[in-house]
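**Q** With chain H's structure known, arrange chain B on it following the hints.
As given, the protein sequences belong to chains H and B, one line each in that order.
According to the working numbering, the first sequence is numbered sequentially starting from 1.
According to the working numbering, the second sequence is numbered sequentially starting from 1.
In short, the hints are calculated from the structure, not lab data.
Don't take each hint at face value.
Computed list of lysine-lysine pairs in BS3-like fashion (alpha-carbon distance at most 30 Å, straight line) [unchecked claim]: (1) H:K423 with B:K43; (2) B:K30 with H:K444; (3) H:K197 with B:K333; (4) H:K444 with H:K419; (5) B:K197 with H:K148; (6) H:K43 with H:K333; (7) H:K39 with B:K419; (8) H:K148 with H:K277; (9) B:K218 with B:K284; (10) B:K30 with H:K423; (11) B:K444 with H:K30; (12) B:K333 with B:K249; (13) B:K276 with B:K303; (14) B:K419 with H:K43; (15) B:K249 with B:K276; (16) H:K419 with B:K39; (17) H:K423 with B:K39; (18) H:K333 with B:K197; (19) B:K249 with H:K249; (20) B:K43 with B:K333; (21) B:K333 with B:K148; (22) H:K303 with H:K333.
Protein chains: 2
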Amino acid sequence: HTLWPDSCRYVSKAAAKTQMEFEYDGPSMKTEVPGPRSKELTKQLGEMQNVGAINFFCNYEESRGNYLVDVDGNRMLDYRHLLHPYWLSAFVNRPALGIMPPENFPEKLSESLLSVAPSGMSRVQTMACGSCSNENAYKAMFIWYRNKERGHNIPSDEDMSSCMINQSPGCPDLSILSFMGGFHGRTMGCLATTHSKAIHKLDVPSFDWPIAPFPKLKYPLEEFKRENAQEEARCLEEVEDLIVQWRQKGRPVAGIVIEPIQAEGGDNHATPDFFKKLRNIARKHGSAFHVDEVQTGGGATGKFWAHEHWGMDDPADIVSFSKKMLTGGFYHKDELQAYRIFNTWMGDPSKNLFLAEVLNVIRRENLLEEVTRSGKTLLQGLYQLQDQYPNMLSSARGQGTFCAIDIRDDATRNSIILKARDKGVLLGGCGERSIRFRPALVFKEYHVHMFLNVFSDVLAEHN
Amino acid sequence: HTLWPDSCRYVSKAAAKTQMEFEYDGPSMKTEVPGPRSKELTKQLGEMQNVGAINFFCNYEESRGNYLVDVDGNRMLDYRHLLHPYWLSAFVNRPALGIMPPENFPEKLSESLLSVAPSGMSRVQTMACGSCSNENAYKAMFIWYRNKERGHNIPSDEDMSSCMINQSPGCPDLSILSFMGGFHGRTMGCLATTHSKAIHKLDVPSFDWPIAPFPKLKYPLEEFKRENAQEEARCLEEVEDLIVQWRQKGRPVAGIVIEPIQAEGGDNHATPDFFKKLRNIARKHGSAFHVDEVQTGGGATGKFWAHEHWGMDDPADIVSFSKKMLTGGFYHKDELQAYRIFNTWMGDPSKNLFLAEVLNVIRRENLLEEVTRSGKTLLQGLYQLQDQYPNMLSSARGQGTFCAIDIRDDATRNSIILKARDKGVLLGGCGERSIRFRPALVFKEYHVHMFLNVFSDVLAEHN
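Chain H with its partners taken away, still in its complex shape (with noise of 0.2 Å):
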């Protein structure tokens, strides 16, 4: 924890002074730039991103006033100060990632992020939230499918000049396919493929991009097999047709987007075997595979990414996170990189700090096993409340901690949820008639012996 008494001494003594009392008295140059520390640190993080921005890695301890001091010593009048209006905001809070990152930002991400990167994926794009991650995931998969098309990439003349008015070929007719019930954030591309509530999407034009049936598959899964994969193999054949028309449309699908649960849209469950055959689809017409796991990763379902359920070595080609990553962001395959996705912050490298510590105390508590343990109590309880009150309650379903159940009507679901407040346990909404559990990875079993009996008093009043 030596992190927090440093940066917090740095910054109230910085913060009892005015900011002339820093001020160096001129530029001081020792090396070329970027020099050899910063070329060293480039090498670094060009194994886990993309660096092709970067002009020096900043000292920002030693920089101050109007000048940055590289890590090679190098201190710079800085006349582009494109962030911080006062040094304050500059050196405790959001250095340009993408242009002038810090000296420990490679270190700190492999500590972090790529601690857990999901199986066949060396690189990450950190991003300031889950819908920037997503739109940016976006990005990449166009980017990557036009490369294809062309054989090469570069642009022609013709690429580049009709890009700049919004027309094709520059701004290619692509398209991505996603699910009925899925939910991948509120900005523009995002919300095309978001199909969870209404609300969400009304008002707001859209692009023209296919939208197949997500499985409505019978709970538990176990007991419902031979209708439950039918009904699997009807989404999955809607897929290849979908793909097939938006092809002949002249729309063709650079990318699937997929939720491993679709958690807004009602924590719609589907089995390993439908993601297996899904992901063999989306190889098969050369379309990317983005698994989202904005809610689902971060160890709630008893695994680090919810996808490993699914046991499959090559399991995507995008993987985008936020949430409990505290940072947003994407993990994507060598060959979906694009200097191109860009923007300013890229994320917040304090967030990284963050997380490398929680990661520590996953690790160091065995919380993933914790939420395995806890989680299939929950879902024991809810069976038996399950058929304790079968007029109320139906579809228990749920990996690790992250579990939902149905309830009769909207009416009854927002009473129950109510309730439980008024006693102190707090419950949320999801899809049109779930409640959805969602707990800390630090829930142990008699948190949920606690929650079981609220619940099963809620319920009593209820019936």
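**A** Frame of chain H, contents of chain B only:
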């Protein structure tokens, strides 16, 4: 500065213990939820933002383990921890502002963002980044426009069902008019209005939205008044033509978006007269007027908002910001408010605390006057160098320290930037062959002289 020692002490103390030491032994309810204090704070915040999604205000200092404590002292077992895998991250880090803001949020919002609200605007929506700010501002304009078309804000059944599959009327064919050379971000909605560099847009599907020419003026503006007025009139005429054309196409212009100075596009200025007339055109055709101050806001032009140079009482319907403001977001008129503008984080409240500090320093040290003074010296220096090197330099221009100058060609520009860096001065380019100056607000006149000496040496070497 009491903020810092306190929050630091909290963090380091917390970090030294395990989470279990903090855990409460069960829920404890004191009032209904939301209780009187939450209701009072919701009312206060309602003056500044839409509060439709807020459940209660949270006391993050008292919340620990699996328990959330609200500002009325109710302690609730939290079964919907959407954001935090572990208390450390939750309490020192990112509350879900849209649902459970911290107690001091209304106060901090009025001390920070609302204390510098543009003329005619008393409401603000925070967002995590510049792109999200613009995306959500566009959505607010689309929703406002559709409500105006409907005559009320109740969607039809057809609206609700068609939007789920990305079709009109639910997802209407509305457009945003933007300007060639503009830059408004890189997510897909923003990107459809960005036209500064092809490389930003290439390979990403876009919308068929109208793009007007931005005036190409001669500098210094006061020496070419007549020609500049003609050029501005030409562009305004084109704007009206496009609005009419797109209405006829069935893609009405819901909003016009423009930067007060086109920054990425090459520091292109226009006169107050141009912006006044453009504002009137927007009003005449029923389009919202969105001023994007992501680059220009925060004081660099010598006024807090660049659009204040226009001298209008009612300059805009929406003003978006980010960068120097430390948080993203947008100010808007009452009628452009929408409950449906929402995401998980809605920005990061720690940024408001920083911003309040920054604003105090700006006021205490009269930094806007400083900027005006330094900017005048800088621009005069650039005029002199331009007279001295007429083959190399032209079109020196600026407001405050937000200045730029054109270089003979792209190669010379890049060589000048590198040579200046070797002498310890960091410069940046914009547009096709401009160098832009973006010093911090604390850039004093002696920094300007230091810079002009280095710049003069570099130019002498190039001549």
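**Q** Which numbered hints does this structure break?
**A** Every hint satisfied by this model.
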